[in-house]
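There are 2 protein chains.
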Amino acid sequence: MKEELKEHISNLIKQEQWNEIRQQDWSDFLIPDVAALLNDLSKSERVMLFRLLPRPVAADIFSYLEKEDRNSLLKDLTNEETRYLLNNLRPDDRTALFEELPGQVTQRLLNLLDPEDLKEARLLLGYPRESVGRLMTPDYVAVRPHWRIQEAINHIRLKARNSETLHTIYVTDRSWKLLDSLELSHFVLANPDDTVETIMDYSFISLSAFDDREVAVKTMQKYDVFALPVLDSGGILLGLVTFDDVMDVAEEEATEDFHRTAAVTPLKTSYLESSVKELVSKRIGWLIALVFVSLLSSGVIAIYEQTLQTVIVLTVFIPLLLGSGGNAGAQASTLMVRAIATSDVNIKEWLKIFIKEIMVGLLLGICMGIISAVFGYVRGGVQIGLIVGLTMLAVILAANLIGVMLPFILTKLGIDPAVASNPLITSMTDVMGLIIYFAIATTILGGL
Amino acid sequence: MKEELKEHISNLIKQEQWNEIRQQDWSDFLIPDVAALLNDLSKSERVMLFRLLPRPVAADIFSYLEKEDRNSLLKDLTNEETRYLLNNLRPDDRTALFEELPGQVTQRLLNLLDPEDLKEARLLLGYPRESVGRLMTPDYVAVRPHWRIQEAINHIRLKARNSETLHTIYVTDRSWKLLDSLELSHFVLANPDDTVETIMDYSFISLSAFDDREVAVKTMQKYDVFALPVLDSGGILLGLVTFDDVMDVAEEEATEDFHRTAAVTPLKTSYLESSVKELVSKRIGWLIALVFVSLLSSGVIAIYEQTLQTVIVLTVFIPLLLGSGGNAGAQASTLMVRAIATSDVNIKEWLKIFIKEIMVGLLLGICMGIISAVFGYVRGGVQIGLIVGLTMLAVILAANLIGVMLPFILTKLGIDPAVASNPLITSMTDVMGLIIYFAIATTILGGL
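These protein sequence lines are chains L and S, in that order.
In short: position in the first sequence from 1, add 26, done, that's the numbering used here.
In short: position in the second sequence from 1, add 26, done, that's the numbering used here.
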């Protein structure tokens with residue numbers, strides 16, 4: 027039966043029937059048999075099978091293997107041909123097929139690698155793009171609760187590879203489950219003869235390897251800690267994330283938000299490293315999408331062509347009215363998008379903010395309305411002054427409310443509020459501004 | 027003569043002749059005489075005089091005073107009536123009149139105060155708004171080079187007020203001049219019987235209390251350190267700045283840049299804390315300034331009123347052409363402003379970027395030109411299609427270059443490039459877009 031199994035699994039692997047392997051009921055087989063099967067397979071087949079095993083089976087097999095076999099399996103996991111195999115799966119297939127590797131395997135894997143290989147390994151571990159798993163480093167020192175402080179300090183002295191990550195010492199149990207996170211200073215300040223347990227408070231802040239990296243930024247900002255432990259779904263300590271990486275992430279995230287503000291799909295690399303083709307591709311989509319919003323504006327003008335031809339002076343004020351509306355809308359949406367991003371305002375407070383911004387919009391609108399009414403009067407007399415002034419008031423008020431509310435509506439719909447970019451707001455307020463303008467103009471001029 | 031001096035100085039103080047006192051030649055007087063004079067004055071007079079003394083004289087006097095007199099002077103420095111006196115000077119007068127307090131005085135002052143008073147004290151010390159001096163905390167532990175490691179650790183145990191700032195230990199000489207910055211882990215890893223000097227490398231990164239707080243962000247990001255010592259102009263250790271404060275600063279600075287992007291003068295408080303009046307005042311200035319740019323657009327239309335009246339269909343495409351130009355300009359300027367803010371691009375590279383962006387602008391322009399030519403053709407025939415398509419190409423190219431170059435020009439002129447806000451770029455590209463549109467239209471339609 028062992029031969030039969032081997033035959034069957036080998037065939038499935040050769041035919042790249044990943045899904046079949048995934049759905050295999052492994053409870054029929056003994057762990058030693060599966061381990062033996064693994065050892066008989068070729069390098070890349072071994073890795074694929076190991077990655078396709080259910081999490082508990084993989085953990086059992088891993089602890090069953092000899093130390094050397096473990097290490098060779100781990101090395102195979104980062105071997106080039108395996109990498110090729112794994113990378114050639116469609117990303118969604120990869121996520122669907124593979125379970126999270128058992129924490130102990132991940133940990134050993136990270137510790138086994140050269141720092142240069144770390145980046146690629148984190149990718150292979152299957153943590154999503156922009157997740158905490160991609161940021162973490164395995165450079166931590168862990169101690170056990172029953173050790174004496176002096177023993178712990180001696181252990182820290184021995185294990186210290188890198189003093190930068192020595193500031194926080196982790197306390198784990200035998201299976202590497204995190205029990206506490208303590209600062210090095212606690213050890214220095216404690217009585218050397220006490221046990222580690224006496225200084226433990228069993229309270230720590232941690233991240234999951236699957237958390238979005240923005241969670242790391244917010245958590246670090248909230249708790250003012252400069253290193254956060256990263257755990258797998260079973261609470262096993264995988265690594266840590268330090269403030270310097272998190273500061274870089276915060277800057278990158280801010281840059282992405284800036285790009286979104288101007289309707290640019292965030293660049294994957296820095297501006298200087300981005301090719302002309304990449305820059306064009308990140309911008310053209312939004313530019314074309316916004317053409318269709320602008321066409322609505324053109325449509326409104328087309329409807330009122332006759333009015334414009336009769337009272338051509340109305341055309342003169344189009345750039346002033348639309349420009350000002352767009353500016354007020356961009357101001358309001360940027361204030362809101364940033365306030366939401368920094369958790370300064372909460373989506374639940376929309377009504378309060380709505381009322382505040384009606385006041386702001388009215389005051390801005392009155393100021394701007396008076397100024398434009400003067401220009402309108404000088405250029406075209408009382409009626410034109412009245413039309414331009416009233417339109418400006420209404421446009422500023424409406425643009426302000428669109429700018430404030432759109433980010434809230436997007437958040438409510440589960441869309442990143444930064445999509446309410448300045449160009450989108452400007453294009454939307456253009457349409458609305460023209461409708462208001464012609465409505466007011468035809469009313470005052472008596473339905474031309 | 028001592029009486030005479032006292033009389034003279036007292037009179038100057040009573041008449042608030044601060045400048046006279048400042049210009050006094052103190053070399054004629056003996057330090058003990060000036061110290062005695064200080065002690066004879068009233069509280070607030072004493073403080074004013076002390077703050078007006080030249081830095082070396084103040085330092086001499088301070089070290090001459092008895093411990094109790096020192097402390098009472100320091101307490102007076104933060105006393106309410108003195109605060110009133112100091113605060114009532116015009117800020118520019120304050121900066122012009124007062125020299126930096128001697129480092130040792132500053133240090134003692136910071137250490138003497140309750141944490142709640144610290145914020146105000148940092149203000150009174152005269153460090154400018156948004157300077158590192160306003161951020162620093164005096165919670166550090168310093169050791170001397172000749173101490174043994176074990177002695178140093180014992181000292182750290184005794185002095186530890188706050189474990190968060192214990193990760194970095196500073197080595198100073200007797201006058202508190204900073205000699206080195208060492209991590210606590212270095213002490214833990216060192217041989218307890220060696221001296222501190224054996225683990226020193228005499229290299230450290232530090233900030234000046236007068237540095238802009240953005241310098242703290244950049245320095246911390248560059249060197250990946252989580253605490254930076256703050257020195258006065260003589261190299262005396264005043265305090266330290268930790269990563270958590272710096273992360274908050276980085277977020278605030280990003281928020282300010284976001285606000286500038288949308289032509290909002292950065293708010294001093296969070297959005298929720300800002301009053302309607304404050305929000306209006308931060309927005310109305312730019313809105314009005316931009317009206318005058320928009321009026322140029324209106325002027326261009328006024329010049330070509332006749333053309334528009336004859337070929338009214340040209341009006342229909344104004345929102346499409348100006349909107350798209352504004353969008354492309356906003357994209358380009360935001361990419362540039364952010365790349366400059368994060369030091370991704372250097373102003374010296376402008377030519378390389380200019381050439382790159384001509385390519386980007388051309389490609390975007392060709393895409394957008396073809397799309398708009400189709401709309402133009404459908405709406406108004408071949409000639410209109412040609413006019414709209416060519417205008418779109420030219421407008422996108424020109425807007426892109428304005429958006430890229432304006433931040434560089436502003437930087438060159440010493441102005442924050444973030445002033446090249448989306449609204450400013452949009453308003454500028456409107457004017458340019460209309461000029462291009464009418465130039466192309468009149469040429470193709472044969473000088474209407």
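The hints are simulated quantities; they were obtained by calculation from the structure and are not laboratory data.
Treat the hints with caution; some may be incorrect.
Same chains, same label: a pair holds when it works inside one copy or across any pair of copies.
[Unchecked claim] With a cut-off of at most 25 Å between alpha-carbon atoms, the simulated DMTMM-like pairs for lysine to aspartate or glutamate come out as follows:
1. K308 to E240
2. K248 to D271
3. K294 to E277
4. K308 to D283
Hint by hint, here is what the structure shows:
1. K308 to E240: Within one copy only: 22 Å inside, 30 Å across.
2. K248 to D271: both (16 Å within a copy, 11 Å between copies)
3. K294 to E277: Cα proximity of K294 and E277: in one copy and across copies (13 Å, 21 Å).
4. K308 to D283: both (14 Å within a copy, 22 Å between copies)
Hint check: no violations occur; every hint is consistent with the structure.
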